[in-house]
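2 protein chains.
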Amino acid sequence: MKTLLLKKEEVSRLISMKEVIGTVEEAYRAFSSGQVAQPPYIGIHLPNGGEIDFKLGYFTGNEIISMKASSGALPDNPRLYGVPSGMGTVLLFDARNCFLICVMDGSLLTGLRTGACGAVSAKVLARKNARTVTSIGTGNQARMQIRAMTEVMKIEQIHAWDHHPETLAKYKADIEAEFDIPVIMAGSAKDAVEQADILITTTRGKGSLVDASWVKPGTHIVAIGTDMKGKQEFDPEIFRNAKIVNDSIAQCIDKGETFHPLNRGIITRDDIHAEIGEILLGKKPGRENDEEITIFDSTGMAIQDNTTANKIYQNAIENKVGTFFEFIA
Amino acid sequence: MKTLLLKKEEVSRLISMKEVIGTVEEAYRAFSSGQVAQPPYIGIHLPNGGEIDFKLGYFTGNEIISMKASSGALPDNPRLYGVPSGMGTVLLFDARNCFLICVMDGSLLTGLRTGACGAVSAKVLARKNARTVTSIGTGNQARMQIRAMTEVMKIEQIHAWDHHPETLAKYKADIEAEFDIPVIMAGSAKDAVEQADILITTTRGKGSLVDASWVKPGTHIVAIGTDMKGKQEFDPEIFRNAKIVNDSIAQCIDKGETFHPLNRGIITRDDIHAEIGEILLGKKPGRENDEEITIFDSTGMAIQDNTTANKIYQNAIENKVGTFFEFIA
Chain A
1 MKTLLLKKEE VSRLISMKEV IGTVEEAYRA FSSGQVAQPP YIGIHLPNGG EIDFKLGYFT
61 GNEIISMKAS SGALPDNPRL YGVPSGMGTV LLFDARNCFL ICVMDGSLLT GLRTGACGAV
121 SAKVLARKNA RTVTSIGTGN QARMQIRAMT EVMKIEQIHA WDHHPETLAK YKADIEAEFD
181 IPVIMAGSAK DAVEQADILI TTTRGKGSLV DASWVKPGTH IVAIGTDMKG KQEFDPEIFR
241 NAKIVNDSIA QCIDKGETFH PLNRGIITRD DIHAEIGEIL LGKKPGREND EEITIFDSTG
301 MAIQDNTTAN KIYQNAIENK VGTFFEFIA
Chain B
330 MKTLLLKKEE VSRLISMKEV IGTVEEAYRA FSSGQVAQPP YIGIHLPNGG EIDFKLGYFT
390 GNEIISMKAS SGALPDNPRL YGVPSGMGTV LLFDARNCFL ICVMDGSLLT GLRTGACGAV
450 SAKVLARKNA RTVTSIGTGN QARMQIRAMT EVMKIEQIHA WDHHPETLAK YKADIEAEFD
510 IPVIMAGSAK DAVEQADILI TTTRGKGSLV DASWVKPGTH IVAIGTDMKG KQEFDPEIFR
570 NAKIVNDSIA QCIDKGETFH PLNRGIITRD DIHAEIGEIL LGKKPGREND EEITIFDSTG
630 MAIQDNTTAN KIYQNAIENK VGTFFEFIA
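As you go down the protein sequences, you meet chains A and B in turn.
Quick note: the first sequence, position 137, residue 137 per the working numbering, numbers continuous.
If you count the second sequence from 1, you need to add 329 to reach the working numbering.
A portion of the hints provided could be inaccurate.
[Claimed, not checked] The calculated lysine to aspartate or glutamate pairs, modelled on EDC-like cross-linking and capped at a C-alpha distance of 16 angstroms, are:
#  : chain 1 : residue 1 : chain 2 : residue 2
1  : B       : K331      : A       : E291
2  : A       : K170      : A       : D180
3  : B       : K336      : A       : E326
4  : A       : K8        : B       : E338
5  : A       : K2        : B       : E566
6  : A       : K128      : A       : E291
7  : B       : K584      : B       : D556
8  : A       : K311      : A       : D76
9  : B       : K612      : B       : D583
10 : B       : K337      : A       : E326
11 : A       : K7        : B       : E338
12 : A       : K206      : A       : D235
Bear in mind the hints are in silico, worked out from the structure with no lab data behind them.
Whole structure, please, built from the sequences with the hints as guidance.
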């Protein structure tokens, strides 16, 4: 019995964003069908400010157990050690016998499976005639969101805003080169938000960035940045009359953007419309008219790693990519 | 930057039991010095009765983060899938930058580091003139305990007992062949226990096996079998007047043998004399006379995996064993 080893470079060419949209959708459906075990994740906070987390997911549908180790917040890594500031490793086990079938570099996985979230949500929550995307935050994840969104809709223009003008200018240049979509660099977050059919926030900010009064009716909001306690991107008033959708209600009310309006008493738990998987499964409606404001709050789930890493593994086997290694003779 | 891959066969010849006694002692000292982070472990219970656990440990002394995945309770694995009923995988990360330095087969690790526990405890808790070991339970872990014990004392005879006579006879044959120590197959658990200078229990039983009245003064007890809720090997009355030592008090009162007398009100938490690391560090006394009954309750800690796997890794580097693989170009 052999274990497949996959390098970062191999992983990068083994899966397309279109496929990731499929695997993330599969993950959401699995989660809302009760076919998933995801224990609380465990991690270590390092004395130098870095951290490493271990996320475990089991999906009875594919009989795969995944474990993803992800490190981050180590900005001095390239200078001091010649390694990236954040890295990842994924183990895949055959759940029937717990044999280790694959060890793959996991550096790209989180970016990909998070990138696909917004696109999956847009399929059921954005207006059919949505054409203008606003991006608050212009880093790597902002690019990933656009990359995925172009797979499910035609984007005519992007309004972007960032605290850092150089980052914003670089984003404009990169996006226009990669997708040929015009990017308007907004003078303020307000200017950008007011233009949005779809508003994507990826700032991982520590306070309210987007005011409720700026958001026009019919906007679909993809709230990515807030995935742990202490983070916030929105004026919680936005939630008062919006259709609120979570990836996992348990996670979002604990550490997502949804925590803030709940904590302030602006909404109750009953005001959360659905988990995205329930909508994808047809158990609950998505968008019901062109006026409602929809919010998809994504905190990220281990099962997204599971279905996405499994697809990478399956593609590797199919295309004979990777190196086999015999840990047990 | 390259990652070292180590196969099961390589691991088996990269470390001696004598070295494991050293690494387990190092782990206990580290734990009782506050140099260790060990988050609660996470696991998946499979529909077929199997399970897989993930244990994470960080030791600031060696700047290594270890993650051990261990599966078990899959007895049909050899027949159905041609793989062992239990397997393991260990990841080692450089804690300064979280780079994955090693992936090793972890099948042997738990057995080794658990095997060394009894010997480490005997150094500070057994009588200096102890010569007779009693083994209740005669499986793999019972053999490991003897293997380690012979490194720290001279065993003149072993009294052994097992529910299964064939298992007992096999144990006698194996131990006598490997160590040239006479093994007396006892007619009852009582007969065996009454002979003990050191009493080792490795049955993973589900109820009290050893009666308090059988244990003679001066005995050192190594309680290995009880490492999760629902397991028990001893009449809890044994704890009433014994010197009680735990690997981790937090773990032992939750799921070790120490849970049972606490639960029955036979002892209070204050009756627990020490963690073994405190004794090894000289913060608390070990055995103080030849009459006291000492109990070492071992539930197993991730940090034992950490120090032991790190020693295996260091030995591999030193002896140029293993295969390097570049996950990140």
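Notebook entry, point to check: Broken hints, numbered, in rising order?
Noted result: As far as the earlier hints go, 1, 4, 5, 8, 9, 11 are violated by this structure, in ascending order.
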